[in-house]
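Q: Residue numbers (this note's numbering), protein chains in the order written: chain A, 17 to 354; chain B, 6 to 619; chain C, 3 to 287.
Don't read these hints as lab results, they were simulated from the structure.
On a predicted model such as this, the values are computed, not experimentally measured, just so you know.
A couple of the hints might just be wrong.
Pairs of lysine-lysine, DSSO-like flavour, derived with a Cα cap of 30 Å [stated by the list, open to error]:
#1 B:402 x B:585
#2 B:375 x A:350
#3 B:518 x B:402
#4 B:585 x A:350
Here's the letter readout for the chains.
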Amino acid sequence: MTATVLKLIACRLLAAIPILLIVSALLFCILRLLPVDPAAMSLPPNATIEEVEAKRREMGLDKPLPQQYVIWLTDALHGDFGRSIALRRDAGSLVAATLPATIQLAACAMAIAAVLGLGGGLILFRLRGTPFEPVADLASIVLLSIPEFLWGLILLFVFGVMLQWLPFTGQVSPGLPLPHITGFLLLDSLLVGRMDVFLSACQHLLLPAVALGLAFSPTIMRVLRSSLFDVYLEDYIQQARLRGLSERHVLLSHALKNASLPTLTLAGVQFGILFSGTLLVEVIYSYPGMGNLMVDAVRNADLPLIQTVGLTYCIVVLLINTAVDSLYVVLNPKLRVR
Amino acid sequence: MLALQAKDLVVGARIDGAMVPAIRALSFDLPPGKILGLVGESGAGKSMVGRAIAQLLPAGFEITSGSLLFEGEDLVRMAPSARRALLGRAIAFIPQAPMTSLNPVRTIGAQFDEHLARLGERSRSARRDRAVAMLTTARLPRAGELLTQYPHQLSGGMCQRVLIALAFSSNPRLVIADEPTTALDVTMHPPILALIADMQRRHGTAVIFITHDLRLAAQLCDQVTVMYAGRAVESGPARAVLSTPAHPYTRCLQLANPSMRAERRSLYVMPDQMPSLRQLRHLPGCHFAPRCPLVAQECRRDEPPNMAIAADHHVACIRAAATRTIATTAGDSVAAGAAWRPLLQVEGLQKRYDVGGGLFAGARSIAAVKQATFSIAENEFVALVGESGSGKSTIAKMLVGLEQPSAGKILLDGEDLTVASLRCRARNAASLQMVFQDPQSALNPRRRVASIVTQAMEAGSRHANWDERLARTRELLAEVGLSTDFAARLPGQLSGGQRQRINIARALCTLPKILVADEIVSGLDVSIQAQLLNLLARLRAELGFAMLFISHDLSVVRHLCSRVLVMYGGEIVEEGAVEKVFADPQHAHTRELLSSVPPDEPEAAWPPLQGNAS
Amino acid sequence: MASAVFRSLHSPRVLIALGMISCIAFCAVFAGWIAPHDPGDQNLLAILQPPAWAGGGDLNYPLGTDSLGRCVLSRLIFGARTAMLVALFASLGAMIIGTILAHVSGYFGGAVDWIIGRLVDVWMSFPPVILSLILMVGLGVGLSKVILAIVLVDWTRFCRVLRSEVLIVTRHDYVAAARLLGFSHWQTIVREVLPATTPLLITLISLEMAIAVVVEAILSFIGLGVGANTPAWGQMIADARQYVYQSPWNLLLPIFAIFLTVTAFNLLGDGLRRTLDVRLAETGR
């Protein structure tokens, strides 16, 4: 059975590779077709046309597009993603420096979204048929209407500016050291035994993670509730009741696992979108992650950097989707055993 | 002490703010170890009895008065926790749809284990041993292996055996079996019924057996109660009720059922249909009066009293004495194929599907139809019988062009329909039409009846004006026995039988030479089925068309068709005149199909149930 | 269909939502008449004024002024015009592309379905925020560019959800029956399938409008939206963020405007989903 699961997961991973290739090619094409000349941008404004031409040849921009892509791809596979024009640093290392912070933020937000979503979904479901149902339902729609960037601003205003309970810029308070071992600050600060850094990092992480988690939990909540409604119409629920099982037992050991399958499918898509949602929250909280790098690159039309950061986002999202797909296979016996 | 006693049980349904009794004043006695049959058509309220016992009624329904005494204790007035403690222990249920009644994400073993743990078995290994023992008595091979499997790996019959084993594992004193074979293939009916009868004898359980099949009830049950529109119209010893029915409804129902062995006779047709709960609000007197051939003035005024006509045999009818006089004329609905000219010839038809073909598995080819050769003459009704998955529906789809055959020819009037240039829809549409199985799915819920039945007139570049279409609608509605008022209705406002008539009318719009009918009466009640079978016979006489009639119900086939093709595993294994094939079946599968129909005569022995009477 | 739409007008949700949307749409259409000032007029003598009801407020600027002394109320009203234009045209554009591909894909199945399915897969592996940012880099700022970017990102949402609905509808026997009665593929799609998917379509448009408003605000917030000369709520937020201690109202008012508009569209979508009896797994953002 484990072999079947591994085989299916391997299939999913292999299927992600052609998608990744097409995505990278598309990204490459979109950015090359822009009315921006990377050669001219990487030279001082007073450069002559001849200098620009020479730079173009040096960068390989005079070759046909497919050939340029192959060159870029070969370089990328060797770990060379080009140099950032604005920051004059290796794009790959810039991403490597900021990715852990973003992953750390996204992981905390996902945990918050999952807990709030599952808890809220169960509460919404248990409220069915009571006078609170319409109220709770309306509340879930209102919550659904607040995107992560509004949550970010609202939390920043209430807890940062008005109440001044929590810090809202950066990753740690200024003046504290930034230990660097794995890149994940929470982990690193514990590894070097600096509790003060760890606590400060937690405080700084709290608002952005909650903002993201709050924005994505209502969807999970509503899907779990509607999946539970669907499952409760099934014959096996009635049959479990006819065997004398209590309502609580029916919900927890018969309905929940079935309802979790459609919820999981959606949560996978949601977590992919959540990961890219870190971008706005990072901008709002000046959090030194990939999002701020991306926004700066976009503002400077820094093509190599946009390409590298954009591709990184795509890869992480694909990995999240593959992981959720695999979990789905593990949970669904219809796919696991035939 | 009685296992179950119902006393004047009334289940009310809230409709437009008023309470309408869905079950009215139902009383019965069920002694321990006996089988009580609750018989009736859909909407009679028979399933509501089972739900009332568990008090898991649908939303809007509630027990308004009366009592249900389980071993002397009233289930209606019992505390919910006490009632729940009985469920799954002293009272068990066998469901109608076995495939969907087991949790798809848990193994059979886990579901068995959960149940046995609730019954109080502490040790895990003892629970496992008991589960294996129960599954083995349910005649499931390799029970140990089965425990690790999931429901989707099992067939419907196996799922039902698991559920029967689950139900009897607590040695219950009462089991409610709600149409336990309806969702299964016909050949699965005898073994499942035999298993229930066997388990019932072994555990000495009292059983409430809910069914729509009078013949089956007569074979299996000790007592039967016939229900109509929420009322028990007749009750008594099973064989007595069936051999000398006292209520006109029981008699009509019997005569509406096509017979397997007796002389062919025309079916008795009750007009209309059973009143709905909404209609019951405004129906005084006997509920059967509007359809009753013996109806008298007072029937429409007063509710008939319950009268004893023999020891233990009760009937709720004031005209019960005249019931014997209801009869049908002997007549032959099967027209002999006059000039035997082949209209449709099918030669070596095959259909293969490619399945699988993932990254690690190569594509496999599965043959849905291995080999089919047959022909249909003008005006001839040919039956195609077989189990689900035997390839019947695939043949139907290939005939009308919804699927392309992998090999073989379909010749209509000598022209090959599988040749691309002749696949022209407009030409096919005129000569070959299909009536679909499920009228719910076959009628567009957004079109009105007039638009549906004349839909062929808006196809392609034809633009018939609305007057022409309305005129044609009137003709077609008259043909299928519906009034012109139906033209403006939506399918959602029609009953199942009416929908199927519209379905037939649409197919007849272009006056096709041949109809392909896929299980068109299988989902319908006996009285509605009789109406449709007579309609088809009449339409053939009036309009003249041939039909390929796909069915799993051999009595219906015998009634309507002159020739039969038996399919098994994608091949036609037997073919011939209905009389001859039914009298002297050659292939084992034909014999199996024939033996799965209970005999018409209640006294006759039915081998599947006799075989286990030890 | 018409009767179903009429029936939906009895739902309080739909009525409330339509009321809110009408108000916002009224502001958008008649912005030039109801706004007290030109949204671009700067009054450097009266910068960062609080709303009229707060201490130091000025009735001339009912909701105060921003850091350049522009009237906040006027900018909010003209921002509604931007938001509604984007909501309307972006969702219609995405709907047209997504619907056509979904019907072709779901109805014909086979290779066509496979190709469109993979196209959607590839498209959806770009996170929407990232893809719209990259597109904006390429397209440049401006109202029509924002609309185009949203259409190019969000057609997949329609395509994916509608395709599964088309698959369900196509499985009904009445679609096969129409073919047997001689309907062409085109006739079958338009007369049998499309009427069945229309309720879902209407619901999706409503939800997509909510998404379009948010995306426009996000892009304007980052500075890659409709451009500096067109008032937009996202832009107002970005400006006000720097003066949050001096003038919190400037931050809160556009946030509230976005919230109100998005809630109205989501409420409408939910009300329609209920009254039109649409089965819709949540699609998320």
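Q: Holds or violated: are the alpha carbons of residue 585 of chain B and residue 350 of chain A at most 30 Å from each other?
A: violated, 45 Å
Q: Next pair to validate is residue 518 of chain B with residue 402 of chain B; report whether the Cα-Cα distance is within 30 Å.
A: Roughly 17 Å separates the two Cα atoms, so the pair holds.
Q: With the threshold set at 30 Å, check whether the alpha-carbon distance from residue 402 of chain B to residue 585 of chain B stays at or below it.
A: holds, 28 Å
Q: Run the distance test for residue 375 of chain B versus residue 350 of chain A: straight-line Cα separation, threshold 30 Å.
A: holds, 28 Å
Checked against the numbered hints above, the structure violates only hint 4.
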